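S.K.: Sequence:
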Amino acid sequence: MADAQALDEVVEFTSGLIRIDTTNRGGGDCRERPAAEYAAERLAGAGLEPLMLERTPGRTNVVGRIEGTDPAADALLVHGHLDVVPAEAADWSVHPFSGEIRDGVVWGRGAVDMKNMDAMILAVVRSWARQGVRPRRDVVIAFTADEEASAEDGSGFLADEHPGLFEGCTEGVSESGAFTFHDGAGRQLYPIAAGERGTGWLKLTARGRAGHGSKVNHENAVTRLAAAVTRIGEYEWPLRLTPTVRAALTELAALYGIEPDFRDVDRLLDKLGPAAKLVEATVRNSANPTMLDAGYKLNVIPGEAVAHVDGRYLPGGEEEFRTTLDRLTGPDVDWEFAHREVALQAPLDSPTYARMRAAVEEFAPEGHVVPYCMSGGTDAKQFSRLGITGYGFAPLKLPADLDYQALFHGVDERVPVEALHFGVRVLDRFLRTA
43 MADAQALDEV VEFTSGLIRI DTTNRGGGDC RERPAAEYAA ERLAGAGLEP
93 LMLERTPGRT NVVGRIEGTD PAADALLVHG HLDVVPAEAA DWSVHPFSGE
143 IRDGVVWGRG AVDMKNMDAM ILAVVRSWAR QGVRPRRDVV IAFTADEEAS
193 AEDGSGFLAD EHPGLFEGCT EGVSESGAFT FHDGAGRQLY PIAAGERGTG
243 WLKLTARGRA GHGSKVNHEN AVTRLAAAVT RIGEYEWPLR LTPTVRAALT
293 ELAALYGIEP DFRDVDRLLD KLGPAAKLVE ATVRNSANPT MLDAGYKLNV
343 IPGEAVAHVD GRYLPGGEEE FRTTLDRLTG PDVDWEFAHR EVALQAPLDS
393 PTYARMRAAV EEFAPEGHVV PYCMSGGTDA KQFSRLGITG YGFAPLKLPA
443 DLDYQALFHG VDERVPVEAL HFGVRVLDRF LRTA
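Number 373 in the numbering used here belongs to position 331 of the sequence shown; there are no gaps in the numbering.
Since the hints were made in silico from the structure, they are not lab data. A quick note: this is a predicted structure, and the numbers were derived from the prediction, not measured. Heads up, the beta-carbon is just placed ideally off N, CA and C, and yes, glycines get one too.
Now the in silico label distances, taken between C-beta atoms and shown as ranges:
1. 427 / 265: 40 to 46 Å
2. 137 / 373: 48 to 54 Å
3. 259 / 296: 55 to 61 Å
4. 339 / 261: 15 to 21 Å
5. 281 / 333: 26 to 32 Å
6. 378 / 259: 24 to 30 Å
7. 339 / 297: 54 to 60 Å
8. 445 / 296: 23 to 29 Å
9. 408 / 128: 34 to 40 Å
10. 379 / 130: 28 to 34 Å
11. 441 / 172: 28 to 34 Å
12. 450 / 298: 21 to 27 Å
Taking lysine to any residue and the SDA-like style, the derived pairs with C-alpha atoms no more than 25 Å apart in a straight line are:
13. 313 / 303
14. 313 / 224
15. 319 / 357
16. 245 / 269
17. 245 / 352
18. 319 / 298
19. 245 / 366
20. 245 / 268
21. 339 / 253
22. 257 / 336
23. 319 / 308
24. 319 / 390
25. 245 / 70
26. 339 / 256
27. 245 / 334
28. 339 / 252
29. 245 / 192
30. 245 / 417
31. 319 / 451
32. 319 / 277
33. 245 / 361
34. 313 / 293
35. 245 / 265
Start from the sequences, fold in the hints, and give me the full structure.
M.R.: So this is what it looks like as structure tokens:
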């Protein structure tokens, strides 16, 4: 089991990493190197020989390997990203990069996404070094840059340019899984991610005839774009159940004593109450307009108007997504992928999933482990290029009054100290046996 020092270090490391501002504003505006140096120094202190790798100066990744006791076993990748989304200090109760520890809670940007998990990994690895522990299979540790944007400087760069560092890795674990979800009726659910929707960030361009704002113009680019954006925003995507989502619905229905009628999934979701939040975003593709850009003067009709749409598609749903966008944009608006990544699905009958479940159940016997599919995406997409199957497993035991999912990219992001202690114990238990 992880030692007492690991429990202290996970709190120290979470706070320390938060104090390093690694805000990723997109377009290359980020510098992860100080956080990478922080992580590499602590890995080196555990006897590893971490490599620091950059595609772009300052956009640093860290990779190290722990040799397992079974040379015939496949290797396991454990990864976390070092960058965070922006935070406006005026909106927060504490400064978002203070790493303040108050009343048993660590505050700051990255406390849940995902410097907490980075700190857990470091604490577990150092605890093993002190105790002389070696895992059964090789464990590759990777701390990445640029996950909150395109991942081109992070996991994409590592997968494309340094695949040898991940030799033997067949599976990986990272963020967004094994956290406590309180259902409002006294049950504690622990969803483990075994899938991700694909990423389809879109740029829409409408072209028309520029002219004076006082004249009749039936070829107005803004009007054409607005019509397409409205069609996309109002479209009701059809239900599509992947194996992971179907399994999640089946297990949740059994837990609540409900007959899982897949002919009327919306009605089934209604019966699940708050627990439906774990599933409802992943029973369909989606496309949400997020940005508009048109014109340069109020009395001038522009010849071009641009919009951006955050699109997500289920495993097996990309073709439907494409053909639907062709139809919704219509003949006067062109669209293209500004960024595209694959959808993922991981098996639920694997020994690795069973060991994750067992690790959670050992330290949260009152909980109920269920599978789920992430509505968004992680670095697992890029690592899948190397044949690595990804799971979401960043364990946290959370109180009922903390809305964990709302804290992702939210104001006053924070994590309880006890949640970090639980995470270290569970991650240690899983990685020893994985």
